[in-house]
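Participant: What follows is each chain in one-letter form.
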Amino acid sequence: MPKRIFHLTGIELYKLAHQPLAYAVFALALAVTALTALVSAPSATSGYHALARAWHYGTQAGALALLLLGSLSMSSETTQGTLRLLLTRPIHRGELYLAKACALLLVAGLLQAAIVGGGAALVGVARGYGDVVDPQYHKYVYFTNAEMMRYSLQAAALGLLSLMAVALLGLAVSTLVENAGVAVALAILLYVPLGMVPELARLSGIWIDMRLHAGRTADLLGVLARTLGLWVLNPHVEYPFEALQQLGEGIANARSRLRWENVRWEILVPATYMVVTSAVGVLHFRRKDVLV
Amino acid sequence: MSLLRLEKLTKRFGPRTAVDALDLEVRPGDIFGFLGLNGAGKTTTIRMILRLIRPTSGSVLLYGIDLAHDPLAALARVGALVEVPAFYPYLSGRDNLGVLARTGGGLPAARLDDVLARVGLADRAQDKVRGYSQGMRQRLGIAQALLARPEFVILDEPTNGLDPQGIADIRALIRELHDRDGVTVLVSSHQLSEVEQLCNRVAILKEGRLAVSGSIDELLAETTAAVRLRVSPPDRALELLRGLAWCAGIERERDGVLLARLPPERTGEANELLVNSGVTVHEIAPRRMNLEEYFLSKQ
Numbered sequence: 001m002p003k004r005i006f007h008l009t010g011i012e013l014y015k016l017a018h019q020p021l022a023y024a025v026f027a028l029a030l031a032v033t034a035l036t037a038l039v040s041a042p043s044a045t046s047g048y049h050a051l052a053r054a055w056h057y058g059t060q061a062g063a064l065a066l067l068l069l070g071s072l073s074m075s076s077e078t079t080q081g082t083l084r085l086l087l088t089r090p091i092h093r094g095e096l097y098l099a100k101a102c103a104l105l106l107v108a109g110l111l112q113a114a115i116v117g118g119g120a121a122l123v124g125v126a127r128g129y130g131d132v133v134d135p136q137y138h139k140y141v142y143f144t145n146a147e148m149m150r151y152s153l154q155a156a157a158l159g160l161l162s163l164m165a166v167a168l169l170g171l172a173v174s175t176l177v178e179n180a181g182v183a184v185a186l187a188i189l190l191y192v193p194l195g196m197v198p199e200l201a202r203l204s205g206i207w208i209d210m211r212l213h214a215g216r217t218a219d220l221l222g223v224l225a226r227t228l229g230l231w232v233l234n235p236h237v238e239y240p241f242e243a244l245q246q247l248g249e250g251i252a253n254a255r256s257r258l259r260w261e262n263v264r265w266e267i268l269v270p271a272t273y274m275v276v277t278s279a280v281g282v283l284h285f286r287r288k289d290v291l292v
Numbered sequence: 001m002s003l004l005r006l007e008k009l010t011k012r013f014g015p016r017t018a019v020d021a022l023d024l025e026v027r028p029g030d031i032f033g034f035l036g037l038n039g040a041g042k043t044t045t046i047r048m049i050l051r052l053i054r055p056t057s058g059s060v061l062l063y064g065i066d067l068a069h070d071p072l073a074a075l076a077r078v079g080a081l082v083e084v085p086a087f088y089p090y091l092s093g094r095d096n097l098g099v100l101a102r103t104g105g106g107l108p109a110a111r112l113d114d115v116l117a118r119v120g121l122a123d124r125a126q127d128k129v130r131g132y133s134q135g136m137r138q139r140l141g142i143a144q145a146l147l148a149r150p151e152f153v154i155l156d157e158p159t160n161g162l163d164p165q166g167i168a169d170i171r172a173l174i175r176e177l178h179d180r181d182g183v184t185v186l187v188s189s190h191q192l193s194e195v196e197q198l199c200n201r202v203a204i205l206k207e208g209r210l211a212v213s214g215s216i217d218e219l220l221a222e223t224t225a226a227v228r229l230r231v232s233p234p235d236r237a238l239e240l241l242r243g244l245a246w247c248a249g250i251e252r253e254r255d256g257v258l259l260a261r262l263p264p265e266r267t268g269e270a271n272e273l274l275v276n277s278g279v280t281v282h283e284i285a286p287r288r289m290n291l292e293e294y295f296l297s298k299q
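For the record, the sequence lines run as chains F and B.
Note that the numbering used here gives residue 253 to position 253 of the first sequence, counting from 1, and the numbers run on in steps of one.
Note that the numbering used here gives residue 1 to position 1 of the second sequence, counting from 1, and the numbers run on in steps of one.
One or more of the hints may lead you astray.
[What the hints assert, rightly or not] Chain B regions said to be covered by chain F (calculated; three or more residues, Cβ under 8 Å):
no. : stretch
1   : 15 to 25
2   : 45 to 53
3   : 85 to 96
4   : 102 to 113
Rather than coming from a laboratory, the hints here were simulated on the basis of the structure.
Every residue, glycine too, gets a C-beta built ideally from N, C-alpha and C.
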């Protein structure tokens, strides 16, 4: 079975390599990375702040583009009829699904490598790296270059995990919905607006308390917002780069954001997304009637 | 032994029954016509045979293997074109075949060229499919079905959208596949004259159920209920035949030719009467329905 999945993954990568959309995904993510790398915060004392911003926005753009690619992965095959063609060949449906998942994970890896490598190279050339120091008293070092490098690698690894989860979310939606356009819309709806729900819950709690003098609404909705925020994927894509950005600004407390007790959620939640969406996708795909 | 056997095959979509307890058999060496109006359940049945759709109940036995238990071994010996041919538009015709070949486990590169030549696409093999005409797409779809040297080919509406020359080409190709390569073919089509020329056996589906199935010759032989006569003078013959109690009706087809609805076993009696009454009978022959008339009579 692993050999067949490996073989089918090669075919999926071959198809992706011939699709202009795959190149557009890379172009978009790299353009956003480059733009933010070159225009961000000249006041910062080290290039790490610019690097964090470049990675942050590059990964956000990459996540959206990857979501698009993932949500078209199965649905476009359904819409153009090639799925029924593939399934008339002697292959297991589960293997085909896993091959598509592996191909998307590889693309996510390449994309993250391009964002991280491209961003790092550009910032290195444009601003250079070094210790993060106090802007007024340059002798006071908040974080050394070596420390920042370690934090940067940590953030990049966490970002990759989130990107992979986004790609697999797109694939699962693409299996559940046959129409390519609807699949893309639903995947974006699940990713972007849902990411705003925790913040909206928190703000509405404050608003209700202010208007109605309710007192406890903000607390209750705050708890709800935190719980929701924990399990909504979008903030987890941003989290490591926001933390890195704060470190780049010399905010000492930000160090705790990359400690294990906080970081474990940044691993657990995307990993849970990957497992759950893949399980739902495979189970549905194996039983699905191909009517188009 | 049957090559394909459907046993009480049923598919329901919610409250609607698309295919209802269908029993069907395709034998090795058949060119089997699968007929029915739109929505009769032909494509749903074909999709169940190819395990694209899960049956609600019943079974599909391909080469004696129940597809519910071991579909891959049986499907490896089947090629199919289901409805509209499907391709990756950003790949060439040859690359499309390459993807399909590799998905099925791989084939020698020469096989791709062979099959492209066979459907007449060798000179356009490197062109992107998005630039292909409808006829070329249809031919490439058939090339996909033939790619893995199948012993059994299922063609769902293979002549859809083709001009008369294209239809004749596909007919010749199917005939060649059958006669030269010994491939068994199941073909679903609305081109009833094509089916009549091509197939030895047919099944007609009506509202998801099997209306009739059997050899075309046998089915149409049962429909002989009229006799065509070329006579002179026709008016006298008309008058004489109208006088027969067992003649259910008579009409002029054209000058000198009459079509009389007589029981076939009494044709000799009618001939004797006409000759004895001074009518010259140039020709007398039973007239049976063609497949189209037969098909419509079953709807």
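Participant: Against the structure, test the hints numbered earlier, and report the numbers of the ones violated in rising order.
Facilitator: 1
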